[in-house]
Amino acid sequence: MALVFEFVWRLLHALLHLHRTLVTWFRSHLWKWNGRIWKRAVAALLVPIALGFPNHKKLAPTTGKRVGRRFRFGADGKALEKLPLHVGLLIAEEEPRYSDIANLVVWCMAVGISYVSVYDNQGVFRRNNSRLMEEILKQQQEQLGADGSKYSVEFLSNGSDKQDHQVLSCQAVVKVLSPEDGRQGIVEAAQKLCRAVEQRERAAKDIDVTVLDSLLRESRNIPDPDLVLKFGAVQSTLGYLPWHIRLSEFISLPTHANISYEDLLGALQSFAACEQRFGK
Amino acid sequence: MSWIREGDLNLIERISANILKAGPIPKHVAFIMDGNRRYARKRQVERQEGHSQGFEKLAETLRWCLRLDIREVTVYAFSIENFKRSKDEVDGLMELAKQKFTRLLEEQENLEKHGVCIRVLGDLTLLPLDLQEVIAKAVLATKTHNKCFLNVCFAYTSRHEIASAVREMAWGVEQGLIRPSDVSEALLSQCLYTSNSPNPDMLIRTSGEVRLSDFLLWQTSYSCLVFQSVLWPEYSFWNLCEAILQYQLSHRSLQKAREQHRESQALQQLEADRSCVAELLQHRSNGTPVDAQSRQEALHSYTASREERVRHFLVPGPLTRTLHGYLLAKENNTPSGDDVPLQAVFPTITAALRVYHAQEHMIR
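Sequence lines, in order, name chains D and S. Sequential numbering from 1 applies to the first sequence in my numbering. Sequential numbering from 1001 applies to the second sequence in my numbering.
Treat the hints as calculated values from the structure; they're not laboratory data. C-beta: ideal position from N, C-alpha, C; glycine also. Incorrect hints may have been included.
To be verified - Covered by chain S, according to a simulated footprint, are these stretches of chain D (three or more residues, beta-carbon under 8 Å):
#1 180-186
#2 209-215
#3 221-235
#4 255-266
Stated by the list, open to error - What follows is a list of derived Cβ distance ranges for each label pair:
#5 S:E1095 to D:A14: 50 to 56 Å
#6 D:Q269 to S:W1238: 28 to 34 Å
#7 D:N258 to S:A1292: 37 to 43 Å
#8 S:R1043 to D:E201: 54 to 60 Å
#9 S:E1271 to D:L85: 33 to 39 Å
#10 D:L85 to S:E1308: 43 to 49 Å
To be verified - Selected chain S positions facing chain D (Cβ under 8 Å, derived; list incomplete):
#11 N1082
#12 M1094
#13 S1158
Full structure from sequences and hints, please.
Set out below in structure tokens:
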């Protein structure tokens, strides 16, 4: 009897994997055909996904038309009921694509989001920080053209000393994060506090949430991420800033490859519709 | 009304359960039981009725979990943020909790039959005293059961939990039990309220909200997060199956991520030990170079002594008698024989309870 159940289980999972593969294939190859029949067929395929995983947002077709959009960015941002202060881009996929991430960062900035953080759980972006920075600057030029100079970006990576006066003149802050900023960051703050206790500069009983929070916030006072956009099929935060995500909304997108502005806008619209009660 | 609903699954449900069990099943599931008030609005009943229905659903869900071989369940019953609600609602919830925990004491046989161990996690000092007492009694009554575990998070937020763990470690440094360099991810995990449980494999939040709301932020870093739009009192067996299916789909990637994290943690610890040893050797040898073998030996002995220090900090031996005496005295409402005040020995009651549970486990 157990063998029968196992067989059925394997069959079920094979079907689910096939379904997932078909959808990915359709999305990347057939959207450009733009035919109505194909759209309906894919919509039909996507329905089980919509039923089963209500949080997954469906990706819009990539039109590739970027002309005329740059003027809409600011308008789109203002049209939203609420805009996140800090968006976290959580790349839960095996191969990160720098140009797509750069696009997302630039769009976020253009729409009016002040802080963007980029995270992957292997620390790839952290190691290739400079490459990402170059891509972002390049996309800024391409996407925003003459307006690009209005949007100056400050890149933050841990350990670099940035002058405070630079922060004041910046429109947006981009932070590159890795797992070391998560639990390990909390451990380092704890060690700092313990050393202070050892030196009798502080009493153990005075340590509370506020003390720990101010240490973890660092000097720049970057707000907690309001919105975390997760890219990839893995349903997990994969170690992203555990302390800071206590009230973050999680919106999943299937992939960051060939992501379009409409997808980002859709996610921002879902965020605007969320209602936070803060325990009340 | 009771904590575990009697009755079994129907045929189709049993077949589906057996099919799912052919694949990986989470050993520990966490639930954010959201949607009671919206359910009450939808059904046009009192809010209190919504919460009551929510509790009934919890009892039913526990039964399904047992049937699916999920041995440990953690639920978010009441957040410290929920104290912001109206006094009526908060009082109603406290009353409901008192009723349920009192009921628990009445049906000890049933719980013993299923072997359910109930633990309550959170800053219990924020609760009314009568509720604290009944919770303490309920926890003590089921502490020896070990077939399955229900952790109820009451007056809990994850940030408070992490801050209290840091406070405990700082207290350990103050008392000279551990050094600041002994502080690590592993030690912090051992100082959390949830130290007696493994990290949750899956976290389910109902009612369509897609946030964590300060629940198990540290522990769920590598867990499968499932957000479902059904309201908690309307949760069904099929919703649970759907969640488990999602868990099974993400299982392999999560395992890989967890493995990577464990490896990098071990590497981090090794590096930390190495740098401490290097510092020590520099002091001792006064600048003269040390050969590789003595360095290696020094590293081994440092690691061993660090582990001993940490062990001593987490489960202090001679203090257990005091703790036993204290908790027994509280149970029997008699003055404690020992005159060492517990607050002088442990920074929090939860720390004391943690040690108590760990000691019980060792004795068993």
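Against the structure, the hints:
no.: 1; hint: 180-186; result: holds (count 4)
no.: 2; hint: 209-215; result: holds (count 4)
no.: 3; hint: 221-235; result: holds (count 3)
no.: 4; hint: 255-266; result: violated (count 0)
no.: 5; hint: S:E1095 to D:A14: 50 to 56 Å; result: 51 Å, holds
no.: 6; hint: D:Q269 to S:W1238: 28 to 34 Å; result: 30 Å, holds
no.: 7; hint: D:N258 to S:A1292: 37 to 43 Å; result: 52 Å, violated
no.: 8; hint: S:R1043 to D:E201: 54 to 60 Å; result: 56 Å, holds
no.: 9; hint: S:E1271 to D:L85: 33 to 39 Å; result: 35 Å, holds
no.: 10; hint: D:L85 to S:E1308: 43 to 49 Å; result: 47 Å, holds
no.: 11; hint: N1082; result: 5 Å, holds
no.: 12; hint: M1094; result: 15 Å, violated
no.: 13; hint: S1158; result: 7 Å, holds
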